[in-house]
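Protein chains: 2
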Amino acid sequence: MVKEYSIGQLSKLCDVKVPTIRYYEEIELLDPPGRTAGGQRRYPQAARDRLSMIAHARDLGFSIDSIREFIRMADHPSAPCEDLDLIAEKHLSDVRKRIKQLQALETELTAMLKSCDHGSVAECRILTVLSDHDQCKTQH
Amino acid sequence: MVKEYSIGQLSKLCDVKVPTIRYYEEIELLDPPGRTAGGQRRYPQAARDRLSMIAHARDLGFSIDSIREFIRMADHPSAPCEDLDLIAEKHLSDVRKRIKQLQALETELTAMLKSCDHGSVAECRILTVLSDHDQCKTQH
DNA sequence: TCCAAAAGCTCTAAAGACTAGAGCATTTAA
DNA sequence: TTAAATGCTCTAGTCTTTAGAGCTTTTGGA
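Protein chains in written order, with UniProt numbering: chain X, 1 to 140; chain B, 1 to 140.
Some hints could be false.
For chains that are exact copies, the list does not tell them apart, and a pair is met inside one copy or across any two.
Said to hold, decoys possible - Pairs of lysine-lysine residues, derived as DSBU-like cross-links and limited to a Cα-Cα distance of at most 30 Å, are as follows:
id, residue 1, residue 2
1, K97, K114
2, K12, K97
3, K90, K114
4, K100, K12
5, K17, K3
6, K97, K3
7, K100, K90
8, K12, K114
9, K17, K114
10, K114, K3
11, K3, K100
12, K90, K3
13, K90, K17
14, K114, K100
Simulated from the structure, these hints should not be mistaken for laboratory data.
Since the structure is predicted, the reported quantities are computational estimates derived from the model, not experimental observations.
Could you build all of it, start to finish, from the sequences and the hints given here?
Below, the structure is given as structure tokens:
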């Protein structure tokens, strides 16, 4: 007998709030699950995997649209190579851009913390760094 | 005579859309500027600096509320710097976590592209990577 | 088996951070 | 001087969630 999950169980397992799960169904990011005689949702294991993937990708900062592409990719592993290649490449460059931006941000935040040596705001460079783009250690 | 900017000039200089500038004024992130006889906004240099700071901070991922804190502290320069420090620290650890996650994803996407190179159909591991935390090269 | 509590259902509305459009007024530059 | 560009306010929409009201279904213990 196959294990099924209620929406609440899925919510806990994937750390996604119940209304969010219903929202994902509404925007067709999740397939509509089966229902009990009383109308309650019952999810198969596959739904758990997918929701977990969505949650993880969201956490990584991917847009819903990007996730739709991931899903499309995953659902058609036999699609022509060029198509897959193109989609993957687009996402890879996205990921790399994101990493670069975050590394720039890391550098700046580290510099801010270093210069903010628990003095008063008068000497705190966080505000200076934030106001003046030329002060940035990196481009973005 | 002091240089003043129209809202459109400010928009171009700071790369912030015109309605967004008005929105920032509405939520009191920007001081209401002076007006011409005809009622158009005219911004002093200081407004440009502030908007530039706000835009930069938003770009770095700070929330409006965090920015409010920065501004509040800028207006009270004798206050201790620790609060500001805390905000930056919180962001820094967040940023580092995200960098690690994305680097793991980059690895997977690169592998996918490689397997696509020989004209054969890629075995799509992206969904697995995204769903299964245990598969990740790094912790998060 | 019965019943209260927990969990689920739909629907509406809000939050945060913008963004777009309608319809009109003011500035600017040829 | 006059047409184009820009600005004004106001309303309403976007996207991704999240919360609440009011009702129904499930579940677990007596």
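These are the hints, each one checked on the structure:
In this assembly of identical chains, the alpha carbons of K97 and K114 lie at most 30 Å apart whether taken from the same copy (26 Å) or from different copies (20 Å). In this assembly of identical chains, the alpha carbons of K12 and K97 lie at most 30 Å apart only when taken from different copies (22 Å versus 32 Å within one copy). Taking identical chains as interchangeable, the C-alpha atoms of K90 and K114 lie at most 30 Å apart only when they sit on different chains, with a minimum of 14 Å there against 36 Å within one chain. Proximity of K100 and K12 under a CA criterion of 30 Å is satisfied inter-copy only: 25 Å between copies versus 33 Å inside one chain copy.
When the C-alpha separation of K17 and K3 is checked against a cutoff of 30 Å, the pair qualifies only within one copy, where the shortest distance is 21 Å, while the shortest distance between copies is 51 Å. For a Cα distance limit of 30 Å, the shortest separation of K97 from K3 qualifies neither inside one copy, at 40 Å, nor across copies, at 33 Å. Proximity of K100 to K90 under the C-alpha cut-off of 30 Å is found in both arrangements, the shortest distances being 16 Å within a copy and 19 Å between copies. In the homo-oligomer, the alpha carbons of K12 and K114 never lie at most 30 Å apart, since the shortest distance is 39 Å inside one protomer and 33 Å across protomers.
When the C-alpha separation of K17 and K114 is checked against a cutoff of 30 Å, the pair qualifies neither within a copy, at 38 Å, nor between copies, at 33 Å. Proximity of K114 to K3 under the C-alpha cut-off of 30 Å is found in neither arrangement, the shortest distances being 52 Å within a copy and 35 Å between copies. With identical chains, the CA atoms of K3 and K100 are never at most 30 Å apart, being 42 Å at best within one copy and 34 Å at best between copies. Taking the closest pair of Cα atoms, K90 and K3 never come within 30 Å of each other, the shortest separation being 37 Å inside a single copy and 40 Å across copies.
Taking the closest pair of Cα atoms, K90 and K17 come within 30 Å of each other both inside a single copy (29 Å) and across two copies (24 Å). In the homo-oligomer, the alpha carbons of K114 and K100 lie at most 30 Å apart both inside one protomer (21 Å) and across protomers (22 Å), since each shortest distance falls under that limit.
This entry does not satisfy hints 6, 8, 9, 10, 11, 12, going by the numbered hints stated previously.
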